[in-house]
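Q: Chain by chain, the residues:
2 protein chains.
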Amino acid sequence: MIVTDYSIGILQYIPFFYVIWSDDLLSASEISVVQKVIELDTSLNVDEKHQLRRWLKRDTPPFDDEIKNWKQTIANSKVRLIESDTYPLSSLSQRLVNSENLNDHLKHIEVHLGIQPNHYNHLFDVEVVHEKTSSEYDANILDEILKGEHARVVDRFRSFLDKPDFSWQVLRNKEDFRNRILQQVQLLGEAGYGAMAYPPEYGGTGDMPAYAAIFEHLMFVDGSLAVKFGVQFGLFGGSIQKLGTKKHHDEYLTDAGTTKLLGCFAMTETGHGSNVRGIKTTATYEKSSDSIIIHTPGKNDNKEYIGNAIHSKIATVFAQLIVNGKNEGVHAILVPLRNENHEELEGVSVKDNGYKLGLNGVDNGKIWFNNVKVPRENLLNKYGEIQEDGTYASSIKNPNKRFFTMLGTLVGGRICVARGALGGSKMALSIAVKYALNRRQFNDNVKVQEDLIMDYPTHQLRLTPAIAGAYVYHFTLEEMMKRYSDYSQPDKRKIETQVAGLKSIITWFANETIQECREACGGKGYLLENRIADLKGDVDIFTTFEGDNTVLLQLAAKGILSDFRAEFNSAGFASVLKLLQTQLSDKLTAINPLYSNKVDAKHLYNPKFHRHAFDYRTRRLTYTLAMRIRNYIKKGIPSYQAFLKVQTHLLALGKAYSVELAYNIFCDHYQQIEDLKYRALLEKVGCLYALDQINKDAKWFLEQGYIGGTKSKAIRQRVERLSTELRPHIEVLVDGFGIPEHCLTAPITK
Amino acid sequence: MIVTDYSIGILQYIPFFYVIWSDDLLSASEISVVQKVIELDTSLNVDEKHQLRRWLKRDTPPFDDEIKNWKQTIANSKVRLIESDTYPLSSLSQRLVNSENLNDHLKHIEVHLGIQPNHYNHLFDVEVVHEKTSSEYDANILDEILKGEHARVVDRFRSFLDKPDFSWQVLRNKEDFRNRILQQVQLLGEAGYGAMAYPPEYGGTGDMPAYAAIFEHLMFVDGSLAVKFGVQFGLFGGSIQKLGTKKHHDEYLTDAGTTKLLGCFAMTETGHGSNVRGIKTTATYEKSSDSIIIHTPGKNDNKEYIGNAIHSKIATVFAQLIVNGKNEGVHAILVPLRNENHEELEGVSVKDNGYKLGLNGVDNGKIWFNNVKVPRENLLNKYGEIQEDGTYASSIKNPNKRFFTMLGTLVGGRICVARGALGGSKMALSIAVKYALNRRQFNDNVKVQEDLIMDYPTHQLRLTPAIAGAYVYHFTLEEMMKRYSDYSQPDKRKIETQVAGLKSIITWFANETIQECREACGGKGYLLENRIADLKGDVDIFTTFEGDNTVLLQLAAKGILSDFRAEFNSAGFASVLKLLQTQLSDKLTAINPLYSNKVDAKHLYNPKFHRHAFDYRTRRLTYTLAMRIRNYIKKGIPSYQAFLKVQTHLLALGKAYSVELAYNIFCDHYQQIEDLKYRALLEKVGCLYALDQINKDAKWFLEQGYIGGTKSKAIRQRVERLSTELRPHIEVLVDGFGIPEHCLTAPITK
Ligand SMILES: Cc1cc2nc3c(=O)[nH]c(=O)nc-3n(C[C@H](O)[C@H](O)[C@H](O)COP(=O)(O)OP(=O)(O)OC[C@H]3O[C@@H](n4cnc5c(N)ncnc54)[C@H](O)[C@@H]3O)c2cc1C
Ligand SMILES: Cc1cc2nc3c(=O)[nH]c(=O)nc-3n(C[C@H](O)[C@H](O)[C@H](O)COP(=O)(O)OP(=O)(O)OC[C@H]3O[C@@H](n4cnc5c(N)ncnc54)[C@H](O)[C@@H]3O)c2cc1C
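So the protein lines, in turn, are chains D and X.
Just so we're aligned: the first sequence equals residues 1 to 750 in UniProt numbering.
Just so we're aligned: the second sequence equals residues 1 to 750 in UniProt numbering.
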């Protein structure tokens, strides 16, 4: 029999029970939240408590007619739900029973179950005028958290960008575009921003992490600016700083930092991109003249894609160094390209690379050298030098190790590329979210206004996990840059490997996110004025340059396999194989069925579960990969080939490891936030990231029996639900990225 | 004990056994292929047969040392593997035993196990000079199969495009670019290609399927050309053809077909894109002047993104038709925009939409109408008209039905959009594959030449399943256009629903494919000259225009739910709900564990398995979706809201159904190919598509228990293996797309 005439005590709970049961929102731990509240609620008598508890049983849920009755009861009362209330559901209850105060117990349920208006605003009549987002959180505080130690630098930099010189413009002609970007780079150089990562003697502050933070901001101005800035100060200046010695620093570094000397970084050749070791440009030491002769030997051996090539006076050229007829491997040499009048020097020939998918404000070019002579001193000689007597010397005897040590010093650039990609996604997400909070399309015929597209569950799912990703990767990259810049830790092998993986997953993440944002804005997203189009074209190549993702992930995986002790030998993988001989014990305990089918919210939301899952995946992938390789080797397959056979497995491991690393860093960071309210928000954000990642790879976890089908479904539902729970805070979350108003020029954000 | 001195009989099998066991290539059905061969091979004596059979047991495989011995034996023989042999492995065996003839039994194994050089070329010393691809198949024959009935038209059209007028150029300035594209459209119109789908009386051949085939080819010239062509002849001309009556045809259709009259299709407004029913432009009948007054009432009610807007003389304008004060719903009216001198007519105001992510050769614009008067006759009155007495009349009484019938006539355009996206992916794939067959990067230190990137398993996996997809979708769209153009079937509701789903999955497929191709070409893919960049920018918007994918998939799912009898009522979904009441019996039989863990090749490669899996998924998703909706309804949740709550489920169903439909159509087609060799090739292509699709959604199949973990892994391995097996034919497969040499201008394809 169905009761229709409810006591006051029961009545106040009716809206909650209605929301809970109509949407099936309860797992065991969530039931216990409600149960506890009922226990403690002194406004209820024993019978009422008993009744309410009866309605909390998952195995004997209330009848559909009972639930309909609840709805009817509320509808008849004529009490309306007001979305802009701080606790809309509790306040509805309050008005339903004509009480003077909010029942704190109900508030407790509302908060702890994460019940949000968009879970239920269709269930009751909703006041039409309501806030589009909640003011529970303050974007400035989030911004402060993200800026961290760089707050002062970043704030100053943001205001610096508030000039017409940095306003975004459509410049279709590459010469015009490049000139404007050049001027911007010069302005930044003159203001000291270019040299930031250099030592104070050369105009800098030696603060690479702060440099990375401002670098990210350049993406808000223009992708071309970020890249040209990175080439001039990071690659060109950075190569002098990291590969050169004091004489080079003294001669070039200050001018590089101010842009008085424009330079480029010429490593890639038409014939050799990913395989840098295979480059063909020669740098032959000529004893008679005590100079080095730079030469492009063959048809595809010219440098290509070199950023800043058209504007530069000089280049850091990577070439095979040949001393006394012996090839000492790839080294970097400073080679002047043009004279004061900007005419090409003898033997140098530069050609424009033409129009590109994006970054048309960057002057990429091809460079040929025809026996170009430079003094011996132009060799950047930190890791290898030609001595006065004309012999070669290096502190690193193993040529492979020398090569990787040289490349390793450039890893900072890779972090910046990931950081730039991240900036691009933050920008796209900010635009898409702001548009989705204005754009209405379709409605229930009964309503006057159409629905905000941000209120569509699909739209929430398209944007919210990506926002979570942006938060996670922000802290990840901050931390990696900190570790990379920590001079007390000279051995950077582990960090290099980690950065190889992170650069890959983050640049792919950025491309997917920007694409999703474009589509989420419909036709408006396609117009150049709304900025997403440019981001898409610009960030695209981040997956390729500073290391192609597919190649980098293999590098990362080999590092992981050898527990980061990989010797510098990419062909024979000797050290990896040596380690494989010893390490192969599968220490992973079997997953018990109780665990693999645990679907309770408390468990699913617990960072321990996420960490365990990620750790399990990395270790399992490592073990099975090692086993496979070993089996091939045992059958006589050469190691190079054995590694090819497991290529897809290597990629999977590289990705899995990187996701785990990112999440662990994120957790370590948010757990230190003192303000509990914001810590809780970021915990939820991290939880969404983690569950979304597990969901995306659920196939693998299911195959391993790590999760069962029920758990997999529950995880997917939780991803949707968390996206909905974060809906009221979505604008605050993107505002927390701190993109300055003067950069956020897209008309659709207004 | 390990034998090292093998008899001739055994020796000839050693290379095969070595390949098989070093790579673990055998499932039960594959073992039985080998077993049968051994049985039949009269060159073997009883002992030899016995020995070989012993080496075929999966539970007691040969020892690693045995396998190494095999390798040693071959190595010591000094016999080399020659990749360019037709049957390289059999021929190796032949030379190993100094025989005069190839052993046909061995050939049988080689063919039936799909053993390809890239499965084993690392195992033996390979002659360095070898063919990059096999000549087993002829691209022209594949091309013929794809062209089908349109061979004559298509061939003629391909040569027609071989003119400087259609050469690809970089035009960054939109005015220049638009002018060139306009000229191209005019050339095509004058040559009769624009009118192709119109009746012969108006210059056409009434052949919509052939029109779609040539439309796809325009993507090889320039995406902007395809889109502007589509707007002029398909949308503008098509609206007159499909929504107008004889008087309109007589007056306009011929001129539309020749481009003597340029027109546009003005449906979307700034405020209303996906929700066409919500458009606000009014078309009010004024009896006194017997005319219709077109008016833009409010700020966001102007038309926007309208293609051809800058060049047009006239527009088909969609507006709310108001007759005698009553809103009769959305209708289309021909509204002149400009006079002979191309000046805007009074009350008309057009503004350029500016630069876009792509398609900058298309002149998209915004249009405002300020009480613009047109004669009553300008109403395209096939489905609704204003009679001479000034009253409204329509043969379709239900306004919803009328609206959807009108929109339905435009579904042909949606097929063309998918077809264009497909053309874009074919082009990108052709470029990426040709580059990958020239580009070398990295090698085993022992080799002189670096490896072709096409030989990397990851690269094969990136490109080959996409090629399979392109084949499957080609036949799908051919067939859908045929059904759509079949005038003997006037009720197009089912086809409309199907096209909504297919357009979504195919345009997404195209975007992902083009992106993958860009990345697969590294830096070269980023240069405009290599064409992928433009394809990326152009095809991007195909996911949005002619119906946003997310919106279309929901439409498709609702159609599927109601078994295509959905009444035309998108808000209340009354008919869907009605059907849900009755239909909810889950007819799906439980999957038995034997089936869900069957990993034999014969089973996995069997189209019956694929079809069963797809059918199961569609039916299960339909059933669970219906159950969920019904449960919400039962609890009193309004139907509009209930549908929102299951949005992601709707998308999943829409996609699943579309994949099933595509694969079924493909199977029906290739099974009719008479040449068994090509039929087998296409069966393999289809198999790769199907397994790749199942693999991509393996999470779902695992959750349902439809496949077990072992099967899921086996499917993934088969996707990789098929990609490798198709490696020798990959160039033929892309050449089969038939993209003319004069369109394939990317320097990296040379
Ligand atoms: C806009 C732009 C700016 C640039 N700026 C600079 C610059 O300033 N200075 C500079 O020196 N360089 C620069 N580059 C070059 C850039 O670093 C290279 O493009 C990049 O390293 C990739 O090399 P690649 O283009 O030769 O691709 P490739 O190495 O040829 O790779 C092509 C494809 O093959 C795949 N592949 C390659 N090897 C393997 C393997 N072993 N296994 C599996 N797959 C493989 C890759 O995944 C990729 O998809 C720039 C490039 C661009 C486009
Ligand atoms: C280059 C270009 C050319 C065009 N040419 C023409 C033309 O010639 N003639 C013409 O009439 N129109 C044209 N259009 C308009 C095009 O058809 C529309 O852009 C398209 O219909 C989408 O509408 P919208 O842009 O308003 O997006 P919206 O409808 O506003 O959609 C925005 C986002 O919201 C999401 N969304 C909307 N509703 C829902 C829902 N119910 N559930 C979940 N998500 C939802 C969508 O998925 C999308 O991501 C063109 C557009 C472009 C960009």
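Check each hint, because a few of them may be wrong.
[Unchecked claim] Computed list of lysine-lysine pairs in DSSO-like fashion (alpha-carbon distance at most 30 angstroms, straight line):
no.	chain 1	residue 1	chain 2	residue 2
1	X	482	D	696
2	D	713	X	634
3	D	260	D	242
4	X	598	D	713
5	D	634	X	401
6	D	684	X	696
7	D	598	D	482
8	X	351	D	645
9	D	645	X	280
10	D	49	X	49
11	X	645	D	71
12	X	107	D	598
13	X	696	D	696
14	D	351	X	107
15	D	351	D	401
16	D	645	X	684
17	X	49	X	602
18	X	382	D	645
19	D	280	X	287
20	D	645	X	634
21	X	696	X	401
22	D	696	D	645
23	X	494	X	713
24	X	598	D	696
25	X	382	X	287
26	D	598	D	713
27	X	246	X	482
28	X	382	D	634
29	X	494	X	68
30	D	57	X	68
31	X	645	D	68
In case anyone wonders, no lab produced these hints; they're calculated from the structure.
Here the structure is a predicted model, which means the values were calculated and not measured.
Q: The structure should be examined with respect to each hint, and the outcome stated for every one.
A: Cross-check of the supplied hints:
no., hint, verdict
1, X/482 with D/696, "38 angstroms, violated"
2, D/713 with X/634, "23 angstroms, holds"
3, D/260 with D/242, "20 angstroms, holds"
4, X/598 with D/713, "24 angstroms, holds"
5, D/634 with X/401, "70 angstroms, violated"
6, D/684 with X/696, "28 angstroms, holds"
7, D/598 with D/482, "38 angstroms, violated"
8, X/351 with D/645, "57 angstroms, violated"
9, D/645 with X/280, "60 angstroms, violated"
10, D/49 with X/49, "80 angstroms, violated"
11, X/645 with D/71, "18 angstroms, holds"
12, X/107 with D/598, "53 angstroms, violated"
13, X/696 with D/696, "10 angstroms, holds"
14, D/351 with X/107, "53 angstroms, violated"
15, D/351 with D/401, "34 angstroms, violated"
16, D/645 with X/684, "22 angstroms, holds"
17, X/49 with X/602, "24 angstroms, holds"
18, X/382 with D/645, "62 angstroms, violated"
19, D/280 with X/287, "82 angstroms, violated"
20, D/645 with X/634, "55 angstroms, violated"
21, X/696 with X/401, "37 angstroms, violated"
22, D/696 with D/645, "24 angstroms, holds"
23, X/494 with X/713, "36 angstroms, violated"
24, X/598 with D/696, "25 angstroms, holds"
25, X/382 with X/287, "21 angstroms, holds"
26, D/598 with D/713, "11 angstroms, holds"
27, X/246 with X/482, "24 angstroms, holds"
28, X/382 with D/634, "76 angstroms, violated"
29, X/494 with X/68, "60 angstroms, violated"
30, D/57 with X/68, "64 angstroms, violated"
31, X/645 with D/68, "18 angstroms, holds"
The structure is inconsistent with the numbered hints 1, 5, 7, 8, 9, 10, 12, 14, 15, 18, 19, 20, 21, 23, 28, 29, 30, although it conforms to all the rest.
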